[in-house]
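For chain D, the structure is supplied; the task is to place chain R on it using the hints.
The listed protein sequences derive, respectively, from chains D and R.
Residue numbers for the first sequence follow our numbering, so the first one is 17 and each next one is one higher.
Residue numbers for the second sequence follow our numbering, so the first one is 185 and each next one is one higher.
Think of the hints as simulated: they come from the structure by calculation, not from any bench.
Take the hints with a grain of salt, since some may be wrong.
What the hints assert, rightly or not - Pairwise CB distance ranges (calculated):
| id | chain 1 | residue 1 | chain 2 | residue 2 | range |
| --- | --- | --- | --- | --- | --- |
| 1 | R | T412 | D | D479 | 49 to 57 Å |
| 2 | D | E112 | R | D298 | 32 to 40 Å |
| 3 | R | D204 | D | S434 | 49 to 57 Å |
| 4 | R | M230 | D | E408 | 54 to 62 Å |
| 5 | R | L372 | D | R124 | 53 to 61 Å |
| 6 | R | V525 | D | A127 | 38 to 46 Å |
| 7 | R | T412 | D | E325 | 45 to 53 Å |
| 8 | D | R124 | R | V229 | 27 to 35 Å |
| 9 | D | D476 | R | I511 | 28 to 36 Å |
| 10 | D | G409 | R | V516 | 53 to 61 Å |
| 11 | D | E408 | R | I269 | 49 to 57 Å |
| 12 | D | Q268 | R | T295 | 26 to 34 Å |
For every residue, glycine included, the Cβ atom is placed at its ideal position computed from N, Cα and C.
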Amino acid sequence: MSTRKSTVAVSAIAASLLLALGACAPDPEANPTTGTGGSAAPTGEVKAGCEDYAVYGDLSGKTVSVYTSIVEVEQADQEESYDQFEECTGATIEYEGSREFEAQLPIRIEAGNAPDIAYLPQPGLLKTLVTNYPGKVIPASEGTAANVDKFFSPSWKDYGTVDDTFYAAPLGANMKSFVWYNPSLFKDKGYAIPTTWDEMLTLTDKITADFSGTDTKAWCAGIESGDATGWPATDWVEDVMLRTAGPEVYDQWVSHDIPFNDPQVVAALDAVGDILKDPTRVNGGFGDVKTIATQAWNSAGTPVLPAAEGETPKCVLHRAANFYQTNWPTGTTVAEDGDVFAFYLPGKTADDKPVLGGGEFVAAFRDAPEVAAFQAFLASDTWANAKAKATEGGGWVSANSGLDVNNLATDFDKLAASVLGDKNSVIRFDASDLMPAEVGAGSFWREMVKFFAEDKSSQDVADAIEKTWP
Amino acid sequence: MSTLEYVQYYFSWLWGEVRDFLLVANTPTQKFTVMAVVIVLFIAVMGLLLWLVDRPKRARNWLVATVFAGPAVLLVCFGLVYPAISTTKGSFYDKRGQAFVGFDNYVRAFTDSDFQIVLRNTVVWVVLVPLLSTIIGLVYAVLVDRTRFEKAAKTLVFLPMAISMVGASVIWKFVYEYRGGGNRQIGLMNQVLVWLGLEPQQFLINAPLNTLFLIAVMVWIQAGFAMTILSASIKAIPDDIVEAARLDGLGGFGMFRYITVPSIRPALVVVLTTIAMATLKVFDIVRTMTAGNFGTSVVANEFYTQSFKFNDKGMGAALAVILFILIIPLIVYNVRQMRKVEEIR
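One chain only, chain D, in its complex shape (with noise of 0.2 Å):
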C-alpha cells in the first residue's frame, strides 16, 4: 500500500512542476529575440571614466574567460588593466595565467574545455592550432580587425594571420635585443657603450683581461625555464643571425627556404658559441659553460648586481628582453645612472639597427558577443593606455600607435617603446616562435640545452634541429 502511495505522491509533485515550469514558458507566437537581455540597446546616458567603454555595449552577466601564459608579477597588472572594462560593461574576466600554458592549450582544446580567450605567445602556435584543430579558432572579430587594421603596422597583422584569414591581435610587445650591464662598474672602469658587434667583442676582450684571475667575467647567461627549457638560446641565435646574416637570410630561415643547417645558421650558431661557450668569458657568478644549461632565465641577470655593498659584480653584461626589468631584485634602480641599464645590442655597423621582438596575440575560442569585444577591446588603445597605466613597476610596452609613451612607468620603457615606433629599426619577430611548434617550441630549445651542456657542435645541433622540421 505504502508503494503505491508514494508513486501517486512523486506522479503529483512531477506534474505541479511541469505546471509551474509551463508557466515560464514563452509564448511560442512572440518573436524569440526578444528578452535574451545582450542585445539590449546602449541606455544613452553613461557613467563617467566609461565614455571609451560605450562601444563594447551592456556585457552585464557574461563572463569571459582568459588563460594565458602570463603568470606572478605581470599578472596583477594584466587583471588591473580590465578593470575599467569589467566596470563599464558589467563582464566578468576570469583570468588564468600557467607555465604550462604552451603544452596544456592543445590539452584543453583537444578536451572541449577550450578558454574563451588565450595569450599565444607564439604566431607558429596559432599556425598549429589552427592547422590541428580546424574550427576551433574563431576569426578575429570585425570590431578587433579594425583595431588592428587602426592601430597596428600591417607586419604585425600578419603574424596573427594564417592562410589569408585574421584570427588573433597583437596584445603586447617585446623588444628582444638588449644587453643588461652595471653602469657604475662601466664608468669606474671607463668602458663605453660599444655601437657596432666588432666594438663589444674588444670590450670583451678588455673586460676579460681586466678581470683575470678573478671570479668575474663578463658575460652571464641562463636558458632554465622549466616545460620551456632553452629559449633563451634561442633569442641569443635569432639576435646573432639577425646581424650576421641579415634579415633577408633570416626570414627564409624563419620560413624553411633554407635549411635549418645551413651554413648561415651554423655561422650564427658559431658566434653564439664564441661568447658564451668560451670558458674564459662565462658564466659570470655560475661556475662554467655547462651552468648556462640549469641556470634559471628570470635570475641570470642578477650577478651584473654586486652580492654585497661594495663587492665587484661577478658578471658585467647580461643580455635579456626588456621584460627582464622586472626580474631585478626589489630595490633596483633600472636608470642609465641607477643600479643597471640596458645597451642596444649592436649591429655589425653602428647604422644596422636590427631589432629581435615578439609579443603575445589574442586568440578567441567561443563565437560570443562578449568574446568579441573582448577581443576588440585588447586591440584598442583604450587598453594599452590602461594597460601602460597598471603596469606601475614597469617592463611592459606595445606596438600599438594609440599607447601614449608618457603613460609608460620608467625611462627604460620609453626607450623600448622609442626603439620599437623608430622607422629605422628593422624589426623581425622571433624566429622560434614562427616555426612549426615542433621546433620553435621543441627540438630548437632541446638542442640549444645540448649545445650548453654537452658540448654540442653547432653543426650537429643545426643537423638535429633540421631533422626534426616537419
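What follows is chain R alone, placed relative to chain D:
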C-alpha cells in the same frame, strides 16, 4: 495552434531549457545544480537496478552478476580498454595520426640513440628504485623495531611520503644547486663537498650519474612507504616462532635471514612490485628537475613530451604502448603472488 502542436512545442522548449542549463553551466550555482542532478540520476539508476534485481524471489546468478558488475565493466571498457586499443592503433600511425606507418615508431624508439637512452634510464629506474627503497625500508624497520625511539624514528622516514613528487623535486633541486669557481655555494650537497675539501659537482648535468641523483629523490619518498608496510608485517611474526628460533641458537643476522625475511615474503613482494609500478610511471620528478634534458628522460616523460610538445602523436602512442607492455609482467606477477597467498590461507 492545435493542442498537440502546443504540447510538442512545449516539450521541445522545456528540453531546450534543461539542456542549455545543464550543458552550459557557467555560475557556481549552475555547476552545483548539475552536480546534484548527476548524483540524483546516479542514485536513481542504481536504486532502480538494485530494486529490479531484488524483484524476482529467486534471481538468476548471471542476472545478479550482470547488474552488479555490468556498470563497472562498462566503465572499465570506456575508460581503459577503449583508450588502450585506440592508443595501440595510434602507435602505428604518423605524427598527425593520418598515415599508417607500420612499426616505424617502434623501430625509431629502439634504434634512435636518444630514445635508447630513455629506455635505458627507465630500466635503471625500475631496477634501482624498488630495490633501494625496499632494502633501506627493511633494514630501517628491523633496526628501529622495539627500540625506545621507534615512533620518532619511523615518523622521520615516513615524512617525505607526505610531500608531493613535485614538491620533493623542488627541494632536491635546491639541494643539488651548483655554483662554480670561487662563487659561494647555495646548494647543500655542494657545500658539504666544499667543506670536505672536494670539487663541487653539477649533479643534474653530468650524465649518466645524474639519473642516479634523480633516483635518490624517488627512493627518499618511497623508503617510508616500504618501511611502514614491512614494519607492520615484522610485528605480525608470531612470537613463538621467534622464541623457538632463539632457543635453537639463532641471533642477529641469522634471525633476519632465516626468520624475518621468509616470514614477511608476501609483504616484500607487494612492496617491491607496487614501487616498481609507481616507478614506471615516474614523470613529475624528471619533469620538474631536468624537464628530460641532459639525458635523464624516462618513458613516461618522453611520451608526454613527444605527444604534446613535439606534436608527434604516433611516437607518443608507441612510447605509451611500450610502457604498457613493460608494466604487464609486474602486474601478472603481483596477481599470481596474491593468489598464492590466498591458497595458503
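Each hint tested on the structure:
1. T412/R to D479/D: 49 to 57 Å: holds, 51 Å
2. E112/D to D298/R: 32 to 40 Å: holds, 34 Å
3. D204/R to S434/D: 49 to 57 Å: Hint holds: Cβ distance 51 Å, inside 49 to 57 Å.
4. M230/R to E408/D: 54 to 62 Å: The hint (54 to 62 Å, Cβ to Cβ) holds, given that M230/R and E408/D are roughly 57 Å apart.
5. L372/R to R124/D: 53 to 61 Å: violated, 38 Å
6. V525/R to A127/D: 38 to 46 Å: holds, 41 Å
7. T412/R to E325/D: 45 to 53 Å: Hint holds: Cβ distance 51 Å, inside 45 to 53 Å.
8. R124/D to V229/R: 27 to 35 Å: holds, 30 Å
9. D476/D to I511/R: 28 to 36 Å: Since the Cβ atoms of D476/D and I511/R sit about 35 Å apart, the hinted range of 28 to 36 Å holds.
10. G409/D to V516/R: 53 to 61 Å: holds, 59 Å
11. E408/D to I269/R: 49 to 57 Å: holds, 56 Å
12. Q268/D to T295/R: 26 to 34 Å: Between Q268/D and T295/R, where Cβ atoms are some 33 Å apart, the hint holds.
When the structure is compared with the earlier hints, a violation turns up for hint 5 alone.
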